[in-house]
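Chains as they are written, first to last, in our numbering: chain A, 50 to 194; chain B, 50 to 194; chain C, 50 to 194; chain D, 50 to 194.
Bear in mind the hints are in silico, worked out from the structure with no lab data behind them. Certain hints may be false.
[Unchecked claim] With a Cα cut of at most 35 Å, we get these calculated DSBU-like pairs of lysine-lysine:
| id | chain 1 | residue 1 | chain 2 | residue 2 |
| --- | --- | --- | --- | --- |
| 1 | D | K157 | C | K169 |
| 2 | C | K186 | C | K169 |
| 3 | D | K186 | D | K169 |
| 4 | C | K157 | C | K186 |
| 5 | B | K157 | A | K157 |
| 6 | A | K169 | A | K186 |
| 7 | C | K157 | D | K169 |
| 8 | B | K186 | B | K157 |
| 9 | A | K157 | A | K169 |
| 10 | A | K157 | B | K169 |
| 11 | A | K169 | B | K157 |
| 12 | C | K157 | C | K169 |
| 13 | D | K186 | D | K157 |
| 14 | B | K186 | A | K186 |
| 15 | B | K169 | B | K157 |
| 16 | D | K186 | C | K186 |
| 17 | D | K157 | D | K169 |
| 18 | C | K169 | D | K169 |
Bear in mind that the values here come from a model prediction, so they are computed numbers and not experimental data.
Number of protein chains: 4
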Amino acid sequence: MKEALAGELVGNGHRLWQRVYYEDTDFSGVVYHARYLHFLERGRTDYLRCLGINQGALADGQEGREGLAFVVYHMDIAFRAAARMDDILEIATEPERMTGVRLVLNQKITCNDRQLIVAKVTVATVDRQGRLVRMPKDTAQLFGL
Amino acid sequence: MKEALAGELVGNGHRLWQRVYYEDTDFSGVVYHARYLHFLERGRTDYLRCLGINQGALADGQEGREGLAFVVYHMDIAFRAAARMDDILEIATEPERMTGVRLVLNQKITCNDRQLIVAKVTVATVDRQGRLVRMPKDTAQLFGL
Amino acid sequence: MKEALAGELVGNGHRLWQRVYYEDTDFSGVVYHARYLHFLERGRTDYLRCLGINQGALADGQEGREGLAFVVYHMDIAFRAAARMDDILEIATEPERMTGVRLVLNQKITCNDRQLIVAKVTVATVDRQGRLVRMPKDTAQLFGL
Amino acid sequence: MKEALAGELVGNGHRLWQRVYYEDTDFSGVVYHARYLHFLERGRTDYLRCLGINQGALADGQEGREGLAFVVYHMDIAFRAAARMDDILEIATEPERMTGVRLVLNQKITCNDRQLIVAKVTVATVDRQGRLVRMPKDTAQLFGL
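Turn these sequences into a full structure, and let the hints guide you.
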C-alpha cells in the first residue's frame with residue numbers, strides 16, 4: 050500500500066490521488082480554497098519524487114552540491130467547482146516549459162472527471178540564501194522539455 | 050486590544066496586521082506558500098467586517114434573505130519574497146472593480162515595506178447550492194466602486 | 050491505487066499510511082506538533098470508513114435519522130519523536146472501550162517502527178445543535194467492544 | 050495596532066486574543082479540533098515573546114550559544130465547547146512548574162467567558178539534533194517558578 054502513496058508517472062506528467070478530510074473543509078461545507086494549493090503541492094512533490102528528485106535531500110545538499118529548494122514563484126489559479134468531505138481528488142501535473150531559472154507546470158484537480166481547479170504554476174530553484182539559481186542540468190533534463 | 054483585531058479601513062481599502070507563527074512556516078525556514086492565501090483571506094474577511102458585512106450572518110441568511118457566501122473564483126498571485134517566523138505582515142486590500150456577479154480585489158502583503166505577495170483576487174457570491182448569484186445591491190454599494 | 054487510500058482493518062483496529070509533505074513541517078525542520086492530530090483524525094476517519102461509517106452522510110442524516118457527528122472530547126497525547134519531510138507514517142487506531150456516549154480509542158503514529166506519537170482519544174457523538182447524544186446501536190456495535 | 054499583536058502579561062501569565070477565520074473551521078460548522086492547538090501555540094509563543102524570549106533567535110543560536118528550540122512533549126487537552134467563525138478567543142497561559150528539562154503550562158481558551166479548551170502542556174528544550182537539553186538558567190528564571 051505504501052508504494053501507491055506517491056502516485057504514478059503518466060505520459061509526460063504525473064497523477065496523484067488524495068482524499069478530502071475534515072481538515073480540508075471549512076464551515077461553508079466545502080474545501081477551503083487555500084487547501085487546493087496543498088493538494089497541488091503534494092502533486093508536484095510526488096511528481097518530483099517519481100522522477101527521482103528527493104526534495105529533502107536536495108535541500109540538504111548532496112555529493113558536494115550546495116543545498117537548493119524549489120519555490121513557487123507565480124500561480125494563476127481558477128477555482129471552477131468545489132470538493133467536499135470524503136471526495137477523492139485526482140491531481141494531474143504536467144510540465145509546460147523551462148525558461149532560464151523557471152519551470153512552468155500545468156496542474157489540474159478533478160473529482161469524478163469534474164474539473165475543480167485549473168492552475169499554471171511557475172516554480173524556481175533557490176539556494177539556501179533564497180537567491181534564484183539555475184537548476185542543475187541533470188535535474189532539469191528529467192522533465193523532458 | 051480586541052478592537053485592533055479587525056485592522057482598519059484606509060483610503061478606499063483596508064489594512065490588517067498579522068504575526069507569522071510556527072504553524073505558518075515549513076522546513077525550508079520560511080512561510081509555506083499556501084499560508085499567504087490564509088493571510089489574504091483574513092484581510093478580505095476583516096475588510097468586509099469593517100464595511101459592516103458579517104460573513105457568518107450572511108451565510109446563515111438574515112431578514113428573510115437566502116444565505117449566501119463569498120467564494121474565491123480566480124487568483125493571480127506573485128510570490129516576490131518570503132516571510133519568516135515572528136515577522137509582522139501588513140495585508141492591504143483594495144477593491145478594483147465589480148463586474149456582474151464578480152468583485153475584483155487587489156491585495157498585497159508587505160513586511161517592513163518589502164513586498165512579499167502581490168495578488169489579484171476575483172471573488173463571487175454563491176447561494177447555498179453553490180450557484181453564482183448577484184450580490185445584494187446594498188452590500189455591493191459598500192465597496193464604493 | 051484509489052482503493053489503498055483508506056488504509057485497512059487489522060485485528061480489531063485499523064492502519065493507515067500517510068506521507069509527510071511540506072505543509073506538515075515547520076521552520077524547526079520537523080513536523081509541526083498540531084499536524085499529528087490531523088494524521089490521527091485521518092486515521093479515525095478511515096477506520097470509520099472501513100467499518101462502513103460515512104461521516105459525511107452521518108452529518109447529513111439518513112434514513113429518517115437526525116444528523117450527527119463525531120467530535121473529539123478529550124486527548125492525551127505524548128510526542129515521543131519527530132517526523133520529517135518525505136517520511137511515511139503509519140497511523141494505528143484501536144478501540145479501547147465505549148462508556149455511555151463516549152468512545153475511547155488508542156492511537157499511535159510510527160515511522161519505520163519508531164514510535165512518534167502515542168495518544169488516547171475520547172470521541173463523542175453530538176447532534177446538529179452540538180448536544181451529546183448516544184451513538185446509534187448499529188453504529189456502536191461495529192467497534193466490537 | 051501592531052503593538053497589540055503579542056497580547057499582554059497578566060499576573061504570572063499571559064493573555065492573547067485571536068480571531069476565528071474561515072481557515073479554522075470545518076464542514077461541521079465549528080472550529081476544527083486541531084486548530085485549537087495552533088491558538089495555544091500562538092499563546093505560548095507570545096507569552097515567551099512578552100518575557101523577552103525570541104524563539105526565532107533562540108533557534109539560530111546567539112551570543113556563542115548553541116541553537117535550541119521549545120518542543121511540545123505532552124498535552125492533556127479537554128474540548129469543552131466549540132468556537133465558530135468570527136469568534137474572538139482569549140488564550141490564557143500560566144506556568145505551573147519546572148521539572149528538570151521540562152516546563153508545565155496550564156492553558157485555557159475562552160470565548161465570552163465560556164470555557165472552550167482546558168489544556169496542560171509540557172514543553173521541553175531540545176538542541177539542533179533534537180536531544181533534550183536543560184533550559185539556560187536566565188531563560189528558565191523568566192517564568193518566575
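Now for the hints, and whether the structure bears them out:
{"no.": "1", "hint": "D:K157 - C:K169", "in the structure": "20 Å, holds"}
{"no.": "2", "hint": "C:K186 - C:K169", "in the structure": "23 Å, holds"}
{"no.": "3", "hint": "D:K186 - D:K169", "in the structure": "23 Å, holds"}
{"no.": "4", "hint": "C:K157 - C:K186", "in the structure": "27 Å, holds"}
{"no.": "5", "hint": "B:K157 - A:K157", "in the structure": "26 Å, holds"}
{"no.": "6", "hint": "A:K169 - A:K186", "in the structure": "23 Å, holds"}
{"no.": "7", "hint": "C:K157 - D:K169", "in the structure": "20 Å, holds"}
{"no.": "8", "hint": "B:K186 - B:K157", "in the structure": "27 Å, holds"}
{"no.": "9", "hint": "A:K157 - A:K169", "in the structure": "9 Å, holds"}
{"no.": "10", "hint": "A:K157 - B:K169", "in the structure": "20 Å, holds"}
{"no.": "11", "hint": "A:K169 - B:K157", "in the structure": "20 Å, holds"}
{"no.": "12", "hint": "C:K157 - C:K169", "in the structure": "9 Å, holds"}
{"no.": "13", "hint": "D:K186 - D:K157", "in the structure": "27 Å, holds"}
{"no.": "14", "hint": "B:K186 - A:K186", "in the structure": "56 Å, violated"}
{"no.": "15", "hint": "B:K169 - B:K157", "in the structure": "9 Å, holds"}
{"no.": "16", "hint": "D:K186 - C:K186", "in the structure": "56 Å, violated"}
{"no.": "17", "hint": "D:K157 - D:K169", "in the structure": "9 Å, holds"}
{"no.": "18", "hint": "C:K169 - D:K169", "in the structure": "15 Å, holds"}
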